[in-house]
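Colleague: Listed below, chain by chain, are the residues.
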Amino acid sequence: MASAATRSPRLLTWFATSMIMFWLMIAVGPFVWTVWGSFKVQGDFFSKADWSNALYGVFTLAETGGTFTGSGYYGAWVQEDFWRNVLNTTIVVACTVVISLTLGTLCGYALARSGYRYAFWLLIAALVFRAMHHITLVSGYLLPFFEWNLCCRLTTTIVVLVAINQPFTLWMLHSFFLNIPKDLDESAMVDGCTRFRAFWHVIIPVMWPGVITTGLFSFLLAYNDFAITSMLLSSENQTMVPKIASFLTQIREQGNVMFAVSAVVSAMAPLFFLVLFFQRQIVSGLTAGAVKG
Amino acid sequence: MPHGTFARFIWPSFLAMILFIALPIVSVALQSFFVEHEQVMREVENCGPFKCTTVLQVDLEATEAVKEGAPMGRYNGLGTYTNRSHLAFQEVSQIWAESESFSAFIVGVYNLPFYKALFFTLTYTFVVTPLVIIFGLLIALGVNRLPKITKGPTIFASLLPMIVTPLIGGLILFWMVDADGIIGATLQIIFDDPDLSLKASAPLTWVMLMVYGVWHSTPFAFVVFYAGLQTVPSDTLESAKIDGASRFQQVRYVIVPYMMPLLVFITLMQLMDNFRVLEPIVSFSAEAKARSLSWIIYNDLSGQDKLFGSAAATSMLTILGVAILLTPVLIKTWRDFNQRAA
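In order, the protein sequences belong to chains A and B.
Residue numbers for the first sequence follow the working numbering, so the first one is 1 and each next one is one higher.
Residue numbers for the second sequence follow the working numbering, so the first one is 1001 and each next one is one higher.
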């Protein structure tokens, strides 16, 4: 039997539930609206006269003969070659994730296992680096990169993204490594492993959950980046996000908003599935830093 | 772990950070003392059918040659820092001399580009951060009461605004609040004002950007608080109940103190992230009404003629701002560390 102390007053329950419903509407509503609207024509997406047009697609029916149309997607992917940007994003993100995890696990492991004072200071330095605005760093890169002809290549962008990801990756992996008992690698070393073999054959196999979580966040940082990719890439090899930004200037000149809307929805889709499948890892990753701090 | 092994493990990562984070800061510092070369002018005689006139023209070849010779530009000392688009010492002292009241002085200074951006950035940071914490805590408390089966989908939905690319999230909201979009059109009907446009008014643009900021960052605070709530010891909470604490008192005197470290963590992260606000300004095309420090740098760098000197000076001032923002945290960490060592 629930005691009087644990039972909630009805008013409170009602208030809490309606607050959560309201939040869910704000959190998901815009995405649902935009995904639905991306299959309409502009007259329906921006339906000033009657908002229900956007739901039923009155103009879409009149203009294309069906209530749904893929013309925005055709325009973005085929006419504007958005697939090239998708390909660039894939290359940049995949390379960034793999390289940052390789460097990050090595360094994070060493930081977690060394008892020295300077390991702490290195972590603090990483925290200060984490606070640097990406755009201030970019203003440091651009001139040297132009001078040495390094600018506007995918490789340069990958290297820069890896470096910028490092502070965050280090902090997260460091706290995951702290959770793994020291005895594990020490006993492996007693049995005659070198430090590196103990790390590779004993620690990494039990670290997979932590590595996957950190990988997810490296993915997000690289995928969502705007400041660096928009500055360091030229229009020929842009990734998705700067390309979408450049659609905006095009819209002002030509007025094809639907291209941008479909490109936005296309870029959103992978993130949606990422949250769907890795929700647990994302939550544990966000809290990893906090619980230790 | 011996020092040698330690060094072998960490060098690739630290090399990357030194090359691409520490050195760029040095490079920014150097660049901020230089400005672009002046264009080399040449007198050219333009002869029409009736008479000849001499005009000044830019000598492109000579300008290029000068640029080749010294790519950093010409040395300007602290000139870039003190000019009108940065700290504007001369203008500020002039405004100080001319303005009669303190508020007139503030208004005058506010109209200088750097101070305007600084004011927006600070307002954004210090409005969005507390709101994010309050909403995050409320939502976490609410979700914690939900029946188990609905928790998963709720958390999934709540994560979306944070995970989605800031530029894209900004665009989605921007299209909805457009005068023709669903929210924009609804607001026009509610306020019975067909010309109401969130984009056209400066205060409404600010509100819009901050609403976006809260929407984007609340999930982060929510998730951290929610995970924290799972670890609140149930016996402490129970004894508070037995002692007759009301629901509000339980939250205020048991849950919040218990989650204080999380609160500090979220505040730190949010201060760092909100201070660099850039993407929403780009996606809302709000640069005419609201500019942040990051946006000024972005703008200097993205034009046809890249103003490296000006961007670098703003960058240095921004880095100084970040340093001031982080100092309390660093001092606290230093004290904790010494206490632990002692």
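Everything labelled a hint here was simulated from the structure, so no lab data went into it.
None of the values given here were measured: they were computed from a predicted structure.
Glycine residues also receive a C-beta, built at the ideal position from the N, C-alpha and C atoms.
Mixed in with the good hints, there may be bad ones.
Unchecked claim - Below are the EDC-like pairs computed for lysine to aspartate or glutamate, each with C-alpha atoms no more than 16 Å apart in a straight line:
hint: 1; chain 1: B; residue 1: LYS1067; chain 2: A; residue 2: GLU147
hint: 2; chain 1: B; residue 1: LYS1199; chain 2: B; residue 2: ASP1178
hint: 3; chain 1: B; residue 1: LYS1116; chain 2: B; residue 2: GLU1091
hint: 4; chain 1: B; residue 1: LYS1067; chain 2: B; residue 2: GLU1036
hint: 5; chain 1: B; residue 1: LYS1306; chain 2: A; residue 2: GLU147
hint: 6; chain 1: B; residue 1: LYS1067; chain 2: B; residue 2: ASP1336
To be verified - Which stretches of chain B does chain A cover? Using the computed rule of at least three CB atoms under 8 Å from a CB of chain A, they are:
hint: 7; region: 1027-1034
hint: 8; region: 1144-1153
hint: 9; region: 1161-1168
hint: 10; region: 1205-1212
hint: 11; region: 1280-1294
Colleague: Count residues of the region 1027-1034 of chain B with a Cβ under 8 Å from any Cβ of chain A, then say if the count reaches three.
Modeller: Since 3 is at least three, the answer is holds.
Colleague: Run the distance test for LYS1306 of chain B versus GLU147 of chain A: straight-line Cα separation, threshold 16 Å.
Modeller: holds (14 Å)
Colleague: LYS1067 of chain B and GLU147 of chain A: Cα distance at most 16 Å?
Modeller: The hint holds at about 11 Å.
Colleague: With a cut-off of 16 Å on the C-alpha distance, tell me whether LYS1199 of chain B and ASP1178 of chain B pass.
Modeller: holds (8 Å)
Colleague: If you draw a straight line from the CA of LYS1116 of chain B to the CA of GLU1091 of chain B, is it 16 Å or shorter?
Modeller: Roughly 14 Å separates the two Cα atoms, so the pair holds.
Colleague: Between LYS1067 of chain B and ASP1336 of chain B, is the straight-line Cα distance small enough, at 16 Å or below?
Modeller: The hint is violated at about 51 Å.
Colleague: Could you grab the alpha-carbon distance between LYS1067 of chain B and GLU1036 of chain B and see if it respects the 16 Å cut-off?
Modeller: holds (9 Å)
Colleague: Please verify the coverage claim for the region 1144-1153 of chain B: does it have three or more residues whose C-beta sits within 8 Å of some C-beta in chain A?
Modeller: The restraint on the region 1144-1153 of chain B holds, since 3 of its residues have a Cβ under 8 Å from chain A and three suffice.
Colleague: Counting residues of the region 1280-1294 of chain B whose CB is closer than 8 Å to a CB in chain A, do you get three or more?
Modeller: This one holds; 5 residues, not fewer than the three required, reach chain A with a Cβ under 8 Å.
Colleague: Please verify the coverage claim for the region 1161-1168 of chain B: does it have three or more residues whose C-beta sits within 8 Å of some C-beta in chain A?
Modeller: holds (count 7)
Colleague: Three residues or more, CB to CB closer than 8 Å: is that satisfied between the region 1205-1212 of chain B and chain A?
Modeller: As far as the region 1205-1212 of chain B goes, the hint is violated, because 0 residues have Cβ atoms under 8 Å from chain A.
Taken one by one, the earlier hints fail for this structure at numbers 6 and 10, listed in ascending order.
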